[in-house]
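Q: As a plain string of letters, each chain reads:
Protein chains: 2
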Amino acid sequence: MTVWSIDARSGERRTEHAETTPREVAALCRRAHELLPALDEAGPRGRAALLEAMADALDERAGELVAVADAETALGETRLTGEVARTSGQLRLFAEVLREGSFLDVRLDSADPHATPPKPDLRRMNVPLGVVGVFAASNFPFAFSVGGGDTASALAAGCPVVVKAHPLHPDTSERTLAALRAGARAAGLPEEIVQLAHGQEAGVALVQDPHVKAIGFTGSLAGGRYLHDLAASRPEPIPFYGELGSINPLIVTPGAARTRLTEIAAGLAASATLGAGQFCVKPGLVLAPAGGGLAEAMAEHFTALEPQVLLGDPIRAGFAAGAAERQAIPGLRTVATGRSGGERRVAARLLAGPASLLESHGLLLEECFGPLTIVLDYTDEGELLRALERVPGSLTVTLHSTPEESGLAARLTALARDRAGRLVFDGYPTGVTVGWAQQHGGPYPATTAPTTTSVGTAAIARFLRPVVYQNCPPALLPPALRDDNPWSLPRRRDGVLELP
Amino acid sequence: MTVWSIDARSGERRTEHAETTPREVAALCRRAHELLPALDEAGPRGRAALLEAMADALDERAGELVAVADAETALGETRLTGEVARTSGQLRLFAEVLREGSFLDVRLDSADPHATPPKPDLRRMNVPLGVVGVFAASNFPFAFSVGGGDTASALAAGCPVVVKAHPLHPDTSERTLAALRAGARAAGLPEEIVQLAHGQEAGVALVQDPHVKAIGFTGSLAGGRYLHDLAASRPEPIPFYGELGSINPLIVTPGAARTRLTEIAAGLAASATLGAGQFCVKPGLVLAPAGGGLAEAMAEHFTALEPQVLLGDPIRAGFAAGAAERQAIPGLRTVATGRSGGERRVAARLLAGPASLLESHGLLLEECFGPLTIVLDYTDEGELLRALERVPGSLTVTLHSTPEESGLAARLTALARDRAGRLVFDGYPTGVTVGWAQQHGGPYPATTAPTTTSVGTAAIARFLRPVVYQNCPPALLPPALRDDNPWSLPRRRDGVLELP
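Those sequence lines, one after another, are chains A and B. Those letters in the first sequence? Residues 1 to 500, by my numbering. Those letters in the second sequence? Residues 501 to 1000, by my numbering.
Calculated from the structure, these hints are not laboratory results. Be careful, since some hints might not be right.
Simulated pairs of lysine to any residue, SDA-like, Cα-Cα distance not exceeding 25 Å [claimed, not checked]: (1) K119(A) - A585(B); (2) K119(A) - G582(B); (3) K119(A) - D926(B); (4) K619(B) - D56(A); (5) K619(B) - A266(A); (6) K619(B) - P403(A); (7) K119(A) - V496(A); (8) K119(A) - N471(A); (9) K119(A) - E596(B); (10) K619(B) - P973(B); (11) K119(A) - R760(B); (12) K619(B) - R992(B); (13) K619(B) - N985(B); (14) K119(A) - E498(A); (15) K619(B) - N971(B); (16) K619(B) - E998(B); (17) K119(A) - R992(B); (18) K119(A) - L476(A); (19) K619(B) - G927(B); (20) K119(A) - A766(B); (21) K119(A) - D556(B); (22) K119(A) - L774(B); (23) K119(A) - G995(B); (24) K619(B) - N471(A).
Model the full assembly from the supplied sequences, consistent with the hints where possible.
A: So this is what it looks like as structure tokens:
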């Protein structure tokens, strides 16, 4: 069996990649497992150098990588150039995390032989969880793929990675792999700390492999839920960190609609159709005051939109079906359609209707991947709050309000907090900064692991496991736990956090 | 249907408790969900006062609680008095955690409009995950039951709790509940922030209830795995923090056997039979040098042991079956048996055989709950390392060695680190200190959530979820995220950890 690299714009076959057989996946995972000590012994500083070398290698190859990814995904040079920079920047940020050292969460409790019962000397730190399986996403061929956030945080944690390539950009995946391996060689580490598998059967084998101890996944609800259930039903269940689907509601209060309708209409239309609406944080559901005219004000922006090439045939088919299903909902109007033209291009859609539709149409709360958004009108605060209460777990909730509406805004913020991982105020959810304070996650179905994040420095915690050493002879202590703190780590001693 | 409180020593029925129906469980969970804002608004300081009031109420009722628990579990007054103190101490420790504030993991990233792409103002903190279901353990009627570590850490996180009582101590459960509720009233909070359900069907309903967002469980492998699978297969899967079963290998090196055999034999026999061997960290498998004489040296301690009352009929039946199954393994000798006598009492067992038995008898790597331990003799380092490699995920690994054996000890420690959450050196695994540095967890089947702990202050992280506020107007920011840091929290600003 074969995975073809397809030109997204022309539909033509580019190159052929053999599917990885289950037996080959087992060999990849076994090899990854063998390399655990190498990554571990490199220590935080050795791994920081590794991530930086990988970042350099990606940057050096940026031109070539962007060209291949653009052919496979049609995302365009500008966006893809930015995405390579985001990806190398992400690797460098995890190098910072490794040098800073808080990720080890070192805790030292002194012995107290006179306590009842006597207290031993306890020294606790995080260690690598084991081999990590990563499923690349279709919509971020770099930042959420072979060298993306899951891989960066897993390698930072000390976990070798086996990536299941996304079938819509296999060439980009192979070339990214080559860059990461060049980085590994430059850092003096075995290049097989990152490996690559192709094909759906390989993905299933990866989730089931006994050497794999966690999965990072970004993709669809159906595929993600299937793999989640597989991970949970293994003889040894493993954590499945899945980002599945998100409706990302955006709320416009009456005051905001009154005072800045034109601005919001333009910003929202741009956010909903950016990258052909193929972002996991695309605002897919807008709650706006009835009679405020938001949908109408957005219409001109949609009508003016050029037809867009989606990431590939299955994505286009999914969008066509999802849009048709929604357009068929009685009471939901198609307010505007973007320009059409060209066999492999789709027209953006703007739909609108009353918020009361939510009572009978759960479909309105499900993500439709692609350039489509739905504006629902609420008649009063009660209906707005009820609508927000219906919203399932989401990556983001966005609120546009005015300072005069602080009571309403506080009530909405409280509801929103329990439904999302990121609350955006007076802005748009697209654009996820990679940094120390970022949170990219949320209650199900946004993710399968609501206590974690897949973007930002805290993502490393997913691939670490705490171990405590009780009354350990000094000669056997790892450096992070030694009295002289040779790595200058922040540590918690008898409950008190101490900076180096 | 009814759950009976049974006197563990006499087998007589004491009192009757109606099983909670699934409909009643739904009402409990709905009520718990309604109380989320109350616990949340109390804030870390209000919840600290709550936990302290609960601790005081437990201490005030210690005499009564111990008497009831002793009747139901036969664990004895001394141990149970200590356990109440451990439990109230645990509640007070989480009050410290709340006042210290690191649990909120506050991160602030400044805006940078000139960056490419521009960076927004991001402020991240942890919020309560939602209602938590707790399954009480048989063997710790206080410390891992109604007011135990799961409840303490969930309440600290701001999550109301619904406890499934353990059927072997329903009266203790009800009286503990009364104490916790008295504490809640004293702290001015609704007493239903902790609720109690009885019966197996109620447990199933609790795991499936849509208001429940996480489960804490301590119990058997079979029961825990069943409930884990139920939690994973819900329409909305939820985290299942389960502690299931652990063999807790203890290794004696040739040097340790040579230099302190008598001391190790006494300490190990005491640890393996403490509390009638009903500890999750009981050393169930000992790896000792062939010809070193450890089993023989332990024999006298076992032979002298009085017969012991177990926690209840199902535990005794399980022990009898588990012991018989192991004693029937060809090549495994019953080296010593404790005294017998009394209808409801069991005799301790010490079994021994060659480490080569591990190759064909996986049963030797499974926990046998009760006063039984197995000593396996290894002939050389190769056989010892292979034996340790076979050990599945465990709460603890214990190593007895001498300073002269540092090379061997380092190799064993490296293997052990990847198999357990706590490494004990030259001591015994029983006795789990509650503190900042403790780690009680480990790879499956020790737990279903290897990245977490159920004992120690880090246990609170299981019930928290991060949320980031992007460009939030100051008026809508929670206190933890305000510029003036009114709660004097440790916070990370632009990647740099700052102490208050």
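Q: All the hints need checking, so say for each whether the structure fits it.
A: Hints, verified against the model:
For the suggested pair K119(A) and A585(B), the alpha carbons sit about 15 Å apart, so the restraint of at most 25 Å is met. A hinted pair counts as satisfied when its Cα atoms are at most 25 Å apart, and K119(A) with G582(B) qualifies at roughly 14 Å. Under the criterion of a C-alpha separation no larger than 25 Å, the hint pairing K119(A) with D926(B) is consistent with the structure, at around 15 Å. For a cut-off of 25 Å, the pair hint linking K619(B) to D56(A) stands: about 23 Å separates their Cα positions.
In summary, the hint linking K619(B) to A266(A) is supported, as the alpha carbons are separated by about 20 Å, within the 25 Å threshold. Between K619(B) and P403(A) the CA atoms are separated by roughly 23 Å; this keeps the pair inside 25 Å, and the hint holds. Annotation: proposed proximity of K119(A) to V496(A) holds, straight-line Cα distance about 17 Å (limit 25 Å). Note on K119(A) and N471(A): the hinted pairing holds, with a Cα-Cα distance of about 10 Å set against a maximum of 25 Å.
Taking the CA atoms of K119(A) and E596(B), the gap is near 18 Å; set against the 25 Å cutoff, the hint holds. Proximity of K619(B) to P973(B) is assessed by CA-CA distance (about 16 Å); at most 25 Å being required, the pair is judged to hold. Our distance criterion of 25 Å between C-alpha atoms is met by K119(A) and R760(B), whose separation comes to about 23 Å. Between the alpha carbons of K619(B) and R992(B) the distance comes to roughly 17 Å, so the proposed pair stays at or under 25 Å and holds.
As the CA atoms of K619(B) and N985(B) are separated by approximately 22 Å, the hinted pair is consistent with the 25 Å bound. Among the hinted pairs, K119(A) with E498(A) is consistent with the structure: their alpha-carbon atoms are about 21 Å apart, no more than 25 Å. The hinted pair formed by K619(B) and N971(B) meets the criterion: a straight-line CA distance of about 10 Å does not exceed 25 Å. Restraint check: the Cα-Cα separation between K619(B) and E998(B) comes to about 21 Å, which is no more than 25 Å; the hinted pair holds.
This hinted pair does not check out: K119(A) and R992(B) have alpha carbons roughly 31 Å apart, beyond 25 Å. As the CA atoms of K119(A) and L476(A) are separated by approximately 20 Å, the hinted pair is consistent with the 25 Å bound. As the CA atoms of K619(B) and G927(B) are separated by approximately 52 Å, the hinted pair breaks the 25 Å bound. Between K119(A) and A766(B) the alpha-carbon distance is near 20 Å, which keeps this suggested pair within the 25 Å criterion.
With a C-alpha separation of about 23 Å, the suggested pairing of K119(A) with D556(B) holds against the 25 Å cut-off. Proximity of K119(A) to L774(B) is assessed by CA-CA distance (about 18 Å); at most 25 Å being required, the pair is judged to hold. A hinted pair counts as satisfied when its Cα atoms are at most 25 Å apart, and K119(A) with G995(B) does not qualify at roughly 34 Å. With a CA separation close to 46 Å, the supplied pair K619(B) and N471(A) exceeds the 25 Å bound.
Going down the numbered hints, you'll see the structure goes against 17, 19, 23 and 24, while the others check out.
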